[in-house]
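A.B. asks: Here's the letter readout for the chains.
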Amino acid sequence: MTELVVGTKKGLFVLNGEPGSEFEVMARAFDGQPIDFATRDPRSGRLLAGVTSPFYGPKIFYADDPAAEWEQADGVALPEGGEQALERIWVIAWGEEDGLVYAGGDPGVLFESHDGGRTWELNAGLWEQPSRPHWQPGGGGLCLHSIVTWPGDPERLAVAVSAAGMWLSEDRGATWRRSNAGIAPRYLPEEALADENAGLCVHHVERAPRRPERLFMQFHGGIFRSDDAGENWTAIGDGLPSDFGFPLTIDPADPDSAFVIPLVADMDRVTPEGRVLVYETRDAGESWTPRGDGLPAEHAYLTVLRQAFSRTGEGEGLELYFGATSGELFGSGDAGGSWATVASRLPPIYSVVAV
Amino acid sequence: MTATGSESGTRACTVCLHGPLRKLAGGHAELRIEGTTVLELLRELERQHPDLAGWVLDERGRIRRHINVFVDGERGREPTAVAPGVRVEVLPAITGG
Numbered sequence: 001m002t003e004l005v006v007g008t009k010k011g012l013f014v015l016n017g018e019p020g021s022e023f024e025v026m027a028r029a030f031d032g033q034p035i036d037f038a039t040r041d042p043r044s045g046r047l048l049a050g051v052t053s054p055f056y057g058p059k060i061f062y063a064d065d066p067a068a069e070w071e072q073a074d075g076v077a078l079p080e081g082g083e084q085a086l087e088r089i090w091v092i093a094w095g096e097e098d099g100l101v102y103a104g105g106d107p108g109v110l111f112e113s114h115d116g117g118r119t120w121e122l123n124a125g126l127w128e129q130p131s132r133p134h135w136q137p138g139g140g141g142l143c144l145h146s147i148v149t150w151p152g153d154p155e156r157l158a159v160a161v162s163a164a165g166m167w168l169s170e171d172r173g174a175t176w177r178r179s180n181a182g183i184a185p186r187y188l189p190e191e192a193l194a195d196e197n198a199g200l201c202v203h204h205v206e207r208a209p210r211r212p213e214r215l216f217m218q219f220h221g222g223i224f225r226s227d228d229a230g231e232n233w234t235a236i237g238d239g240l241p242s243d244f245g246f247p248l249t250i251d252p253a254d255p256d257s258a259f260v261i262p263l264v265a266d267m268d269r270v271t272p273e274g275r276v277l278v279y280e281t282r283d284a285g286e287s288w289t290p291r292g293d294g295l296p297a298e299h300a301y302l303t304v305l306r307q308a309f310s311r312t313g314e315g316e317g318l319e320l321y322f323g324a325t326s327g328e329l330f331g332s333g334d335a336g337g338s339w340a341t342v343a344s345r346l347p348p349i350y351s352v353v354a355v
Numbered sequence: 001m002t003a004t005g006s007e008s009g010t011r012a013c014t015v016c017l018h019g020p021l022r023k024l025a026g027g028h029a030e031l032r033i034e035g036t037t038v039l040e041l042l043r044e045l046e047r048q049h050p051d052l053a054g055w056v057l058d059e060r061g062r063i064r065r066h067i068n069v070f071v072d073g074e075r076g077r078e079p080t081a082v083a084p085g086v087r088v089e090v091l092p093a094i095t096g097g
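Line by line, the protein sequences are chains A and B.
Here this note's numbering is used: the first residue of the first sequence is 1, the next is one more, and so on.
Here this note's numbering is used: the first residue of the second sequence is 1, the next is one more, and so on.
Hints were generated in silico from the structure; no laboratory data involved.
Ideal Cβ placement from N, Cα and C applies to all residues, glycine included.
Each hint should be verified, as a subset may be incorrect.
As the list claims (entries may be wrong) - Within a straight-line C-alpha distance of at most 25 Å, the following computed DMTMM-like cross-link-like pairs (lysine to aspartate or glutamate) qualify:
id	chain 1	residue 1	chain 2	residue 2
1	A	10	B	51
2	B	23	A	64
3	B	23	A	65
4	B	23	A	69
5	B	23	A	266
6	A	10	A	74
7	B	23	A	314
8	B	23	A	87
9	A	10	A	65
10	A	9	A	191
What the hints assert, rightly or not - Which bits of chain B does chain A cover? Going by a derived footprint, with three or more residues having C-beta under 8 Å, they are:
id	region
11	44-50
12	79-90
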């Protein structure tokens, strides 16, 4: 049995089912409210949800049972009396210590919790970056959407901000430095890259846990790989129908693996030619293979957002799940070999986490 | 629930809460709160009911974009003066999709 924790424009949904089949909606919470990201901590079983009420602002809530009372977490706010307010929570990720949890948000901020998500504090090192006043937001705001830990080493951390690029820390987030060498956006003239604050619109980043110096990045036009922990990046998008897209995931068992869901282009953010296809590489981006058996093959113009592609298991047992803003949710129980519709009439899907 | 609050003298205003704000204020639909501006009222409201912090005012001390405050039926902002005895409604705006 697999559980999916799904954030939508109109509430949080928890679904259960067997891989390769339709799932059942077991619970809905935060009726009518946008859930930008929701997940369950595999260590404690606790659910955490980033809720961005259009009225009352962004909050993190937690619960053990989605149908029970949710508690509001403390400390999810910027310093009082400043010129900025927290706009949205984009991602929640587990740290490499018991109880350590991170959350990323707009405006390009990182929060950390040491008690499993009950209380939070703002990461001062990133908040106080001298260049912060020059950071440029992407279309979704100045969103910190990817938090990439290093397996077994809480000192090493990478985050990505749209459009302030990649940042690395080797001291638990006390200090940060940029790591964008080799990223070449098509939307900027080459000369503009001399400015370190040129907007670098990273869409999603994942680390290969069995070879943690390897990272994969879906960029705003471009897919990149790093083999040196993010110091340098190489374009690997050749062979895809488009290198524009939002989400990306990997098979934890295979450091050469990555999966992307191409969209036509930044000016037409739907699946190409009305066909939904996941593309897989097993040679670190040298070649890409379409995986679409069971996915909509005609008149399907879907948009899959950056947090709406998830995995559980690995190797031959890898399960893949993604949701679209159409409210459709698809899943594969055989590493992308075949696909099934998991749910078809949810609200627009913002995030998917498979547990 | 009837009006309540630490200040119930003649200088106090009646602050009316709706939706989830009532629960965060201990179940009170109306509270008697003292202040000379809308911002002072909302700050005092947060002080008396800390669970409301961040729900009406953001970190900058601004009323959230999609919250409306009415002072005796007139739209109010943070610096709007409030006279003793006025009725202040805190309401979610018409928004969404």
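A.B. asks: Would you mind marking each hint as holding or not holding in the structure?
C.D. replies: Do the hints match the structure? See the list:
{"no.": "1", "hint": "A/10 x B/51", "result": "24 Å, holds"}
{"no.": "2", "hint": "B/23 x A/64", "result": "21 Å, holds"}
{"no.": "3", "hint": "B/23 x A/65", "result": "21 Å, holds"}
{"no.": "4", "hint": "B/23 x A/69", "result": "13 Å, holds"}
{"no.": "5", "hint": "B/23 x A/266", "result": "43 Å, violated"}
{"no.": "6", "hint": "A/10 x A/74", "result": "24 Å, holds"}
{"no.": "7", "hint": "B/23 x A/314", "result": "44 Å, violated"}
{"no.": "8", "hint": "B/23 x A/87", "result": "23 Å, holds"}
{"no.": "9", "hint": "A/10 x A/65", "result": "19 Å, holds"}
{"no.": "10", "hint": "A/9 x A/191", "result": "39 Å, violated"}
{"no.": "11", "hint": "44-50", "result": "violated (count 0)"}
{"no.": "12", "hint": "79-90", "result": "violated (count 0)"}
Consistency with the previously given hints fails for numbers 5, 7, 10, 11, 12, ordered from lowest to highest.
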